[in-house]
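Read top to bottom, the protein sequences are chains A and B. Mapping to the working numbering: the first sequence position 92 is 92, numbers consecutive. Mapping to the working numbering: the second sequence position 68 is 68, numbers consecutive.
Do not take every clue at face value.
[As the list claims (entries may be wrong)] Using 35 Å as the maximum straight-line C-alpha spacing, the simulated DSBU-like pairs for lysine-lysine come out as follows:
#1 A:K289 to A:K11
#2 B:K24 to A:K419
#3 B:K171 to A:K251
#4 A:K11 to A:K251
#5 A:K419 to A:K11
#6 B:K81 to A:K317
#7 A:K289 to B:K171
#8 B:K28 to A:K233
#9 A:K419 to A:K251
#10 A:K7 to A:K289
#11 A:K317 to A:K157
#12 B:K171 to B:K148
#13 A:K289 to B:K81
#14 A:K251 to A:K413
#15 A:K251 to A:K233
#16 A:K413 to A:K125
#17 B:K24 to A:K317
#18 A:K251 to A:K317
#19 B:K81 to A:K125
#20 A:K419 to A:K317
#21 A:K11 to A:K125
#22 A:K11 to A:K157
#23 A:K233 to B:K148
#24 A:K233 to A:K413
#25 A:K317 to A:K11
#26 B:K148 to B:K24
#27 B:K171 to B:K81
By construction, these hints were calculated from the structure, which means they are not laboratory data.
One-letter residues, chain by chain:
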Amino acid sequence: MNQFVFKSTAKTFLISFMILGILCMGLTWLSDDALHTRFWTNLLHNSVFFTGISLMATFFIAVCITSYAGWHTQFKRVWEAFGSFIYVGLGLMLFIGIATYFHMNHLYHWTDEADVATDAVLSGKAGFLNKNWYLFGTIIIGGTWAFFYNRLRALSKAEDEDGAGVNFSMHRKMRVYAAIFLPIVGFTSAAMIWLWIMSLDAHWYSTMFAWYSAASWFVTMIALTILILLYLKGNGYYDNVSQEHIHDIGKFLFAFSIFWTYLWFSQFMLIWYANIGEETIYFRERYDKYPVLFFGNLIINFLIPFFVLLRNDTKRKFGSVGFVAGVVVIGHWLDFFLMIKPGALHTAHTALGNGDHGHTEGAHEAAHGVADAAAHGASEFVSGFTLPGFLELGTFLGFLALFIFVTFNSLSKASLVPKNDPYLGESLHHHV
Amino acid sequence: MAHKNMHVVYGLYDDEVIMMDAVKQANKEHLDIMDVYSPFPVHGLDPLLGLEESRLHIAGFIFGAMGTLTAFLGMTWIFTKDWPIIFGGKPYWSVPAFIPITFELTVLFAAIGMVVTFYTICGLGPGVTNPYLDDRITDDKFCIAFDKSNVDVSAVESFFASTGASEVNQKTI
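Using the sequences plus the hints, can you model the full thing?
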């Protein structure tokens with residue numbers, strides 16, 4: 001079977017989870033504080049998470065083309081399908097960007113012009129952290145990503161049609177696009193991570209954060225690839241994707257989990273050692289108020305993949321590699337949760353008048369929810385912030401269903417195994 | 001080759017594909033192959049010869065774990081008991097500062113331990129001369145070797161002739 005059929009039962013299943021997600025977001029909105037911080041952070045969290053996964057899929061296709069890799073060719077359509085989420089993801093980010101531009105939310109401290117004027121750090125960063133960069137950066141940079149994805153995908157599909165024989169013209173063009181895309185994605189992904197995620201802690205300085213988040217995206221992308229391939233193999237597709245291929249993706253999962261840990265630790269240790277206030281604020285907050293997630297993050301995303309996948313045969317067995325892939329997807333979702341929620345919660349406190357030097361506006365409206373609960377004590381549990389609640393979980397499932405829906409939809413649009421890719425033979429005979 | 005004074009009959013092949021087919025044929029005829037020599041690793045040869053997976057990486061894990069413990073416990077003892085010094089206002093027992101050195105010693109112990117283990121098992125080392133069958137198996141020939149005490153020589157010779165060996169020789173090593 002070389003043509004994926006997106007069955008209506010699968011569609012119904014995924015759509016019902018999307019409806020669950022929308023319901024959860026609606027409930028979040030209704031039970032929220034005056035600024036709807038929980039709703040906006042959940043939306044931002046999931047949009048950034050899945051947009052990043054689709055970007056990393058396109059990035060990895062470009063890496064494979066540029067490095068003349070052939071082992072993945074059989075199932076490169078899965079990555080192309082992940083990449084197609086970039087359109088949806090950028091739509092979501094655009095929505096958040098517009099809402100930030102017109103100040104319909106208050107996720108970012110730097111959107112508060114009165115504060116920026118009196119704050120030396122924020123006014124120093126204002127050349128980059130401002131609503132224009134946020135909205136138009138998202139449009140221009142995100143548009144660039146979508147353009148390169150579109151080109152690579154179109155050429156890959158065109159190769160199926162007219163790439164027979166020794167017509168490598170499409171592949172040569174893809175090579176050019178991929179080579180141009182790589183440096184672009186290297187710099188622009190960092191810029192978008194600074195704007196979308198890191199600027200939630202607007203006062204914080206770290207030079208390693210962009211790498212660290214991008215590694216988190218990459219590991220999740222690899223883990224989702226394993227899960228989707230195992231699902232497709234279970235349904236009778238991809239007969240020629242063997243243990244050998246799963247072994248190699250398992251190596252990527254193992255290696256990049258360690259890479260992620262390396263970046264996590266390097267960022268932590270440099271900040272811990274230098275002990276500069278502008279830098280330690282990020283870890284102080286998480287260490288004191290989010291200890292379960294802070295240490296759980298390392299256990300789920302480092303210790304489990306490291307010790308389970310250390311052996312050769314656990315990378316080859318579908319059960320163990322699938323288990324780790326599932327754990328790691330949840331783990332990195334929690335990782336992004338921990339990147340996003342504390343900063344946004346702090347900003348909300350300040351804006352709602354419960355912070356150290358807050359404003360008066362909105363202070364009396366905060367009768368319930370986030371700001372109120374946190375006002376009683378710094379380390380008090382705040383549902384949906386200290387730990388993900390059921391509403392966060394439902395929202396995540398909704399977004400995951402949307403991501404898989406887009407993936408399957410894209411998979412059904414082209415043959416599963418590319419027909420005329422010059423590296424196809426290498427992939428079919430791949431042996432570790 | 002740990003054994004001494006072994007009488008070996010071996011055939012040389014020009015191509016690894018022909019050699020692989022010959023190994024399959026030998027398995028079919030129940031000829032007991034002593035060993036196969038090739039200038040480079042040939043994919044799929046290990047399962048044909050019934051070789052078990054190497055246990056070297058288990059040794060590597062144990063050496064690595066020893067390195068981890070040596071570094072971590074060593075630094076803990078030095079910086080808390082033996083010679084406590086305050087660095088940059090940090091506590092004596094500064095776990096994050098120990099991690100890089102712990103990592104380095106883990107890698108060092110695993111690497112050196114595996115090299116020593118490998119050399120010991122293979123009987124390699126400085127000053128050791130190892131017997132070899134033919135110079136060209138390190139260059140461009142693929143060799144299938146039989147122990148003469150295990151097989152019928154005439155059966156082996158007809159096997160080499162039928163599978164396309166370019167040369168058949170005998171040697172005592």
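Consistency of the hints with the structure:
1. A:K289 to A:K11: It is violated: about 40 Å lies between the C-alpha atoms, which goes past 35 Å.
2. B:K24 to A:K419: 33 Å, holds
3. B:K171 to A:K251: 44 Å, violated
4. A:K11 to A:K251: Roughly 32 Å separates the two Cα atoms, so the pair holds.
5. A:K419 to A:K11: 27 Å, holds
6. B:K81 to A:K317: Roughly 46 Å between the alpha carbons, so the hint for B:K81 and A:K317 is violated.
7. A:K289 to B:K171: Measuring from Cα to Cα gives roughly 75 Å; hence the hint is violated.
8. B:K28 to A:K233: 34 Å, holds
9. A:K419 to A:K251: Holds, at roughly 27 Å.
10. A:K7 to A:K289: 45 Å, violated
11. A:K317 to A:K157: The given pair, whose Cα atoms are some 32 Å apart, holds under the 35 Å limit.
12. B:K171 to B:K148: 10 Å, holds
13. A:K289 to B:K81: The hint holds at about 33 Å.
14. A:K251 to A:K413: Holds, because 29 Å separates the two Cα atoms, which is no more than 35 Å.
15. A:K251 to A:K233: 19 Å, holds
16. A:K413 to A:K125: 45 Å, violated
17. B:K24 to A:K317: 27 Å, holds
18. A:K251 to A:K317: 12 Å, holds
19. B:K81 to A:K125: 46 Å, violated
20. A:K419 to A:K317: 28 Å, holds
21. A:K11 to A:K125: 46 Å, violated
22. A:K11 to A:K157: Within the cut-off at roughly 24 Å; holds.
23. A:K233 to B:K148: 48 Å, violated
24. A:K233 to A:K413: 18 Å, holds
25. A:K317 to A:K11: 29 Å, holds
26. B:K148 to B:K24: 20 Å, holds
27. B:K171 to B:K81: Violated: B:K171 and B:K81 sit about 63 Å apart, past 35 Å.
Hints 1, 3, 6, 7, 10, 16, 19, 21, 23, 27, counting from the list given before, are not met by this structure.
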